[in-house]
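Can you make the complete structure from the sequences, with help from the hints?
Below are the chains, spelled out letter by letter.
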Amino acid sequence: MLSAKIKKVFPGGFTLDVAFEAADGVTVLFGPSGSGKTLTLDSIAGFVRPDEGRILLDDAILYDGAAGVQIPPQTRHCGYVFQNYALFPHMTLRENLEFAVRARKNLDRHKRVTEMLERFQIAEVASRLPHALSGGQKQRGSIARALLAEPRLVLLDEPAQGLDAMLRQELYSVLREVVRDFRTPILLVTHDLEEAMEVGHAMHVYREGRIVQSGTPTGVAGMPASAAIARQLGIYNLLEAEILALDPGRNTSRLRVGEFEVAGSYYPGHLIGDRVLLCVHPAAVSVHARNGSLRANQMALELEHVAEGPHRARLWFAGGIRAEITRVEWSSIEKAGEFAVEMAPHAVRLIKG
Amino acid sequence: MPAIDWFPLWLSLRVALLATLAAAAIGIPAAYALVNREFRGKEIVDAATTLPLVLPPTVLGYYLLVVLGRNSWLGGVYEWIAGEPLVFSWQAAVVAAVLHSAPLLIKSTRAALESVDHVYERAARTLGAPELEVFLRVTLPLARRPILAAAALAFARSLGDFGVTIMLAGNIPGHTQTVAVAIYDAVEAGEGATARVLVIVVSLLAVALLSLANRLTPRRAL
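Residue numbers (the working numbering), protein chains in the order written: chain D, 1 to 353; chain Y, 1 to 222.
Incomplete in silico selection of chain Y near chain D, CB under 8 angstroms:
#1 V119
#2 Y120
#3 R122
#4 A123
#5 R125
#6 T126
#7 L127
#8 G128
#9 A129
#10 P130
#11 V138
#12 P141
#13 L142
Simulated from the structure, these hints should not be mistaken for laboratory data.
Every value quoted in this text rests on a predicted model; they were computed, and no experiment measured them.
Each residue gets a CB set at the ideal place from its N, CA and C atoms; glycine is no exception.
Put into structure tokens, the structure is as follows:
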């Protein structure tokens with residue numbers, strides 16, 4: 001269990017000021033580049049000395065600003081999987097792994113390394129130098145090397161960066177395996193929400209050196225705490241609106257979005273006439289072919305762009321409204337010249353600006 | 001074709017080899033300390049390693065005579081141990097060559113150590129390796145090609161020293177006369193043929209060392 005409270009001020013004006021805990025499983029630090037995620041990992045690993053705070057791993061104090069404690073990286077028992085894997089280029093894969101257990105007796109060392117090579121399916125390429133390994137092999141080698149040192153925590157810095165979709169899936173299953181079999185807590189840095197949701201058990205959203213929201217990845221993705229976080233997640237429609245009517249009895253409301261009137265649910269604490277920001281998931285937006293007049297709650301919008309994926313089609317409408325529908329739905333309406341767009345009332349939420 | 005005395009060439013090669021080894025033995029730890037350690041007087045050490053590059057060799061030779069001469073404390077200690085004075089011996093030529101080549105070696109080694117991507121050193125530290133082991137098993141092997149290149153250049157420089165050598169080791173044929181000094185001697189004595197042969201041999205040697213150094217230096221993308 002990691003407990004970190006880190007503050008570091010940089011002369012350029014950037015300040016890292018975060019506090020969080022990481023228990024078993026994968027804890028994700030999610031945020032754009034330059035938000036302080038890697039700096040957090042480097043502080044925990046002992047490469048960077050914070051100005052203030054305290055970092056505890058299990059019962060060991062790694063850093064304590066008040067007491068002036070800063071133990072060296074060597075004794076922190078933090079495994080680190082670097083962005084480019086950092087396998088020693090002058091050693092074979094096996095030698096790289098042996099480096100992590102170099103203090104053990106010959107037989108024991110050989111046994112541990114061989115076991116690890118086999119478990120990560122890199123035994124056949126063990127005699128190769130890193131430059132002759134594929135991206136996936138390097139990555140598994142790097143994780144295997146970190147685990148051999150029996151760390152109490154594994155730090156992963158953007159491990160899926162530059163990997164194709166298949167290798168990503170492979171990485172995620174390796175990580176799940178590590179969590180299941182080694183029971184080592186993992187702290188993973190990423191700016192990819194899909195990755196965070198795929199492997200994360202807990203997530204902290206970074207923004208300009210601070211943690212702005214914490215929770216489970218699905219919880220955060222489903223309920224961003226502010227418009228800024230919703231924008232950072234990059235999945236939601238954010239629409240300016242005005243409340244026209246509120247009905248607590250029926251749990252409904254009427255909202256004006258641009259020139260259209262649509263239905264929402266009841267929003268406690270708001271008044272008629274309030275200017276608000278709506279947050280709507282693109283999958284909660286349905287699209288119909290428009291035949292003549294609009295029905296209630298529908299908006300007539302011009303389709304600007306379509307991106308067809310293997311399963312779903314994403315549609316961009318005028319006014320910045322995105323919809324995500326299945327390919328089947330799309331093929332039934334794609335011939336239509338005009339579209340009517342409708343938002344499911346229960347999915348229309350208000351968000352802080 | 002005159003009968004050429006090859007002794008100066010062999011002596012120079014022996015002196016240069018010993019000097020390069022000694023310069024590496026001093027230079028690599030010194031470069032490591034300059035890169036990785038913060039200590040008092042670091043700037044002074046840094047300046048002191050550059051000084052021999054800019055001082056006239058005769059000035060350097062003069063200092064060495066003062067420090068290592070028969071009347072000096074260090075010279076006395078050497079004489080007591082070795083049974084003969086250091087000055088005007090072939091060993092003095094080695095000392096002169098070390099002083100001539102070590103600054104270059106330290107500078108290049110320092111640059112080579114600094115050019116190693118720190119991520120590998122960090123990785124080694126997270127795997128529990130103490131600093132000395134990080135240096136010996138990660139940094140040094142990764143920097144070995146540019147360091148070998150620097151050693152080749154240091155060897156070439158040791159081979160060519162004239163000023164410091166003549167001040168400290170003198171010009172005793174068959175004893176302390178190195179090839180650079182022998183060429184000067186031959187020209188002075190009007191033995192043009194001997195001078196020409198030695199000049200060509202030394203030049204070829206220098207070109208070979210230079211191309212070796214170039215081959216060892218990794219080509220960098222601009």
